[in-house]
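Asks: Spelled out, the chains give:
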Amino acid sequence: MSKASKAKLDQVFGPDSEGDSPAERAHSSKVTFVRSQVQLTLANPAAKGRQLTAAEALSSFGWKPLLQVAEEGAALLIRNPAEPSGTLKRRREELGLSIESVARALHSDPKDVQNAETPGTKSSIRFLERLAQVLALDERKIGFVSDAGRDSELGVRLREMAGQRDVTGFTQGTVLQLGEAAWVAARQQLLLSLWGKASEAYIQLPRHDSRYAFPAWSIGYELASRTRELLGLTQSEPISSVRRLVEEVLALPLIQQSMDARFAGATIANGRTRGIVVNEAGANENVWIRRMTLCHELGHLLWDPDEKLECIQVDEYSDLEQNERQAKRDPAEVRANAFAVAFLAPPDAVSEMTRQHRNPSDAVPSVMEHFGISATAARRHICNVIGAEESTFGRETHFAQPSLDWLAAENLTIDFFPFQSTPISRRGRFSWYVAKLCLGGMITEDTARMLLVLGDEDDLRAGLKQIVELRD
Amino acid sequence: MTTTQMAFDEFRKLIERAQEPPKNLIANADQLKPMNAELGLLEWVDGQAPFGSGRPPATAPTLDDKACATRHLWAVRIDDVVHAAEQNEFGKSLESRVIKHTNLTGGAPAFAGGELIFVDADTVVINGWSGRYGPKSEAHMRAVAVAFAESGYGIWSMGWDEDAGRPAPFLGYTPQWVSQ
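Top line first, the protein sequences correspond to chains P and V. Residues in the first sequence are numbered from 1 upward in steps of one, following our numbering. Residues in the second sequence are numbered from 1001 upward in steps of one, following our numbering.
Quick caveat, the hints were computed from the structure, so don't treat them as lab data. Glycine included, every Cβ here is placed at the ideal spot set by N, Cα and C. It cannot be assumed that every hint is accurate.
Claimed, not checked - Cβ-to-Cβ under 10 Å is the rule here; a few derived chain V residues that face chain P: (1) Asn1024; (2) Thr1062; (3) Lys1100; (4) Ser1130.
What the hints assert, rightly or not - Result set (EDC-like, lysine to aspartate or glutamate): computed pairs, CA atoms no more than 20 Å apart in a straight line: (5) P/Lys48 / V/Glu1138; (6) P/Lys64 / V/Glu1095; (7) V/Lys1092 / P/Glu71; (8) P/Lys48 / V/Glu1162; (9) P/Lys8 / P/Glu72; (10) P/Lys436 / P/Asp458; (11) V/Lys1033 / P/Glu72; (12) P/Lys141 / P/Glu94; (13) P/Lys122 / V/Asp1064; (14) P/Lys30 / P/Glu445; (15) P/Lys122 / V/Glu1138; (16) V/Lys1092 / P/Glu72; (17) V/Lys1023 / P/Asp10; (18) V/Lys1033 / V/Glu1095; (19) V/Lys1023 / P/Glu72; (20) P/Lys64 / V/Asp1065; (21) P/Lys122 / V/Glu1162; (22) P/Lys48 / P/Glu445; (23) V/Lys1033 / V/Glu1043; (24) V/Lys1033 / P/Glu71; (25) V/Lys1023 / P/Glu71; (26) V/Lys1136 / P/Glu71; (27) P/Lys8 / V/Glu1095; (28) P/Lys111 / P/Glu93; (29) P/Lys30 / P/Asp10; (30) V/Lys1023 / P/Asp16; (31) V/Lys1136 / P/Glu72; (32) P/Lys436 / P/Glu24; (33) P/Lys436 / P/Asp459; (34) P/Lys308 / P/Glu222; (35) P/Lys8 / V/Asp1030.
Said to hold, decoys possible - The following label-pair restraints were derived from C-beta to C-beta distances: (36) P/Arg79 / V/Asn1028: 23 to 29 Å; (37) V/Lys1066 / P/Ile203: 50 to 56 Å; (38) P/Glu445 / V/Val1098: 35 to 41 Å.
Pulled out of the complex, with its shape left as it was, chain V reads as follows (with noise of 0.2 Å):
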């Protein structure tokens, strides 16, 4: 078993239920079109940063438009965690421009969903921005960040937004770094 499947299982299991995307955020049927590997779709993989090994950062990542450009979509589906970038080809071809979170998951339900920007090739930003997937309290938000700190990875998370009673999106907010 992959220190991947490991940790999202954890969160799987906190969860208990994935999620059927709400019927009436689904704009098209385009929306709904399974992506897979030839389409972009790309499988989350062990990283290389154990869990709460070295030093955190001294200073957030900032992230501003051009960094949000090179965004990921992420699920964490019933057997695996997907990713795939926001704005790629297959994208062009739908109706909406470009993907959302049910063509990652072909509309099937998913524990979690969010966004991702790769820092670089061990630290990644995340969010739970996802109106079909994200995660519904601040705990939740907080075990899938460490299911992907868990996972290999440094992670910068944006965390919770208690106005808004959802999660937090990239910009405005800076950050947090995800510790033991």
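Here chain P stands alone, though its shape is the one from the complex (with noise of 0.2 Å):
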């Protein structure tokens, strides 16, 4: 971006705006722009399109067409006339979805769907947003840019997931989940970026570690101890929070989907954007085995290489529950489950605690509620800890269920979340980062209830104010 000069900074974002470059006077701007599927012009009582702040204006196209607002009243933002309807079937058909598919998705006719495919047909720009999101494209580059963050092997991974015969109960509905947890994840850092910072995380994301040789546990359990020293954890202590974990010190996206029960959860990769998508059916209903789930993605998403991950990777329960040391694997599986349980639990202090016992059986609750993790995951640990044979330790049934503590340090905050109406992928993190973003005026109010899928009627800032709290 060539150095604007002080004249047009003023004619594009006022002259109360302060600072010297384009980004700063935009963070400072209170000019309002609205976007329609072809144009950006200034926000005007006739527009019916999407508002935008000077800073979510820049940061979606540049300086180039604010200057162009500034000097002609409007900018063009198509430059293909075959877009965005290129993009949107493109996209729709690499997925393999059909338009029946997409349109249940978002309680529309499938007309309108088809109608946003057909060059030159005229759609309103919240429908083609609501498309993209569910696309898990950009929805503030659809129809400016072609493609519009699409990532291709993504999209061409989730369709051949829902093609494959042996991967049971993966439908276009999966795909479609899978999809809007992408789009969030990606979405996410676009907030963060809007906020001025590159990462929030308190340390610096290891490199990726392409060694899965025999034993694979082994270098599961080694990684867990490298990711416990980047933490500053001793190798000894319990997580307390694996979602806070997560979330906020190592701020990756955690998304949570209602998916079908047999899958436990998934590490997505959209762009250069990795995020964790838990399910909240079935046995993650438990805690602690949510616990394990979390960090057997979080085993994934940190040490896979991209050629592993292969833009997704999702694991079902019975793939969780597998004995890390059981050779007939996938090595990255049995890397992600030993580095799961020997995160959370680390084998020296396993060990040590089950030294305490005479019979090493009755550590099992020790573990269970020191650690948070599962009866049937304590048990193996200590069996491969100590090197006994798990039929030994006899079949417990009785054992006690995670404390309340350990259900509000886990919370997703979802059960207290404000607004009904949006989605349980939309209640993380996201929604604070939309909520601190729309009440520090970052981001329109018109995108914050677009963003967390309100009506009208929802009491907005009050909402928003909830949410920083719940999360502060």
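Hey, can you piece these two chains together into the complex? The hints should help.
Replies: Below, the structure written as structure tokens:
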């Protein structure tokens, strides 16, 4: 971007704005823009399109269109007459989705989707944005940039997974759910950059590790130990909240979804952004199992190289329940399982705890409650660590359930979320960013409503304040 | 009185008052230099296709960058309607390198302004894309398109962009045939 003169900056952002660069000026500007399918102009009472703050407009379209709005009254966002229809159609087909399934996900008429895919047809920008989100595209760029941030590898992988008969339960609905999760992950990163931050992580994320040689479980243990070191955790202390660690310390997108009950979670890469998807349904309802799921996905996210992750790794509960010492399994899964259990309950600490009991099986409840892992995981882990046969432990079934402290620490605040219409996938840290940015005037109330899927009837500001209070 | 005069007088009556170009959109003095016939200013004259005659074409013209490069700017002035190629020799001599709507008016008030592309001698695509004189409502956009059609041309209009609250540009939407 060439250096803009003070006069031009005044013209675009208003003389009351402060700073020497478009980015600085945009952050303090009171000028509001509005966009349609094809153009950007100043907000006006007649316009029904998406209202944008100067900061949003600048981050979406750059300096030139904003200058053109100031000089000519409007800027053309479309460069190719075949857009955005071309991108939308290409993407839907790439994901292997029918027009009907997309329309169902949007609660709209298939004709609306068809129109959006027809060059030259006028659609409301609000519908195009919703459509783009469902297809894991950057809705801000729709029409402006061909492909709108499309990660074609992710699209192809999702379609392939839906087409594989051996992945039972992976339907077009699953593709749409994971597409939404991929969008949330990428959009969360964009919200962060709008805030002027590259990352909020307390530590720098490690380089991926491509070692999967036998025994992969031992590499998983080693990576768990290294992760603890990176996070400044001792090799014996329990992790009080994996949720907080993932969302706040590592600042990674953590997206809750309600998926088929056989799936535990997924690690997903959309462009350069990686995020964790956790299924709220099924065994994850038990907070100790959910902690294990999160750590398994964290193992994939932090350490698997791109060529191993292949954009997405979906894990079934049955995968996570496998003993990491069993050799005949995918080494990436063995490693992630070992990582998860060793990260939550470091082997040396478990070994030490077990030594304090005459009968090793008596250590199971202590390990569970101290480290926050399930009975099945604790029993197996003790056996692996001390080299005992699991069959010698018997089948105790009356173990304690997670205490309220564990539940509170891992709660995703979904129970207390102020807006009923917001999908659970957007109720995590994502909603906190939306609230902070909107209350700080960085995004418009219109954008906040779109991102949280709210109607006009919702008391936006009161709800946003509640979200901030819940998470601060 | 010509057909053009009658058609646009009707339009002027609807609008009631000509609009001044917003001062903040006048970037330099060159943008107020008035054009004349020698500099490429053309008067809109009666066409040969009476409004409502014949059948509308089966397909709308496809507008791309190449077609847009031939566009003219138009303005409904107080007494006449004028147009000029956006990229002409006079425009090249200006600070902005192209003409602006205010070069058609010399900065004086006008009832409406926009852009047009000739499909052929009798058929034109118009829009109201002018920051300085663009129609202010969907009704005004429709009325000016009808006035062009009544002046004896087959008219395709880009219409109104509801989301932007202003006229639609050439690219992105399919133009609509203006009928009675």
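Asks: Broken hints, numbered, in rising order?
Replies: Going through the list in order, the structure violates no hint and respects every one.
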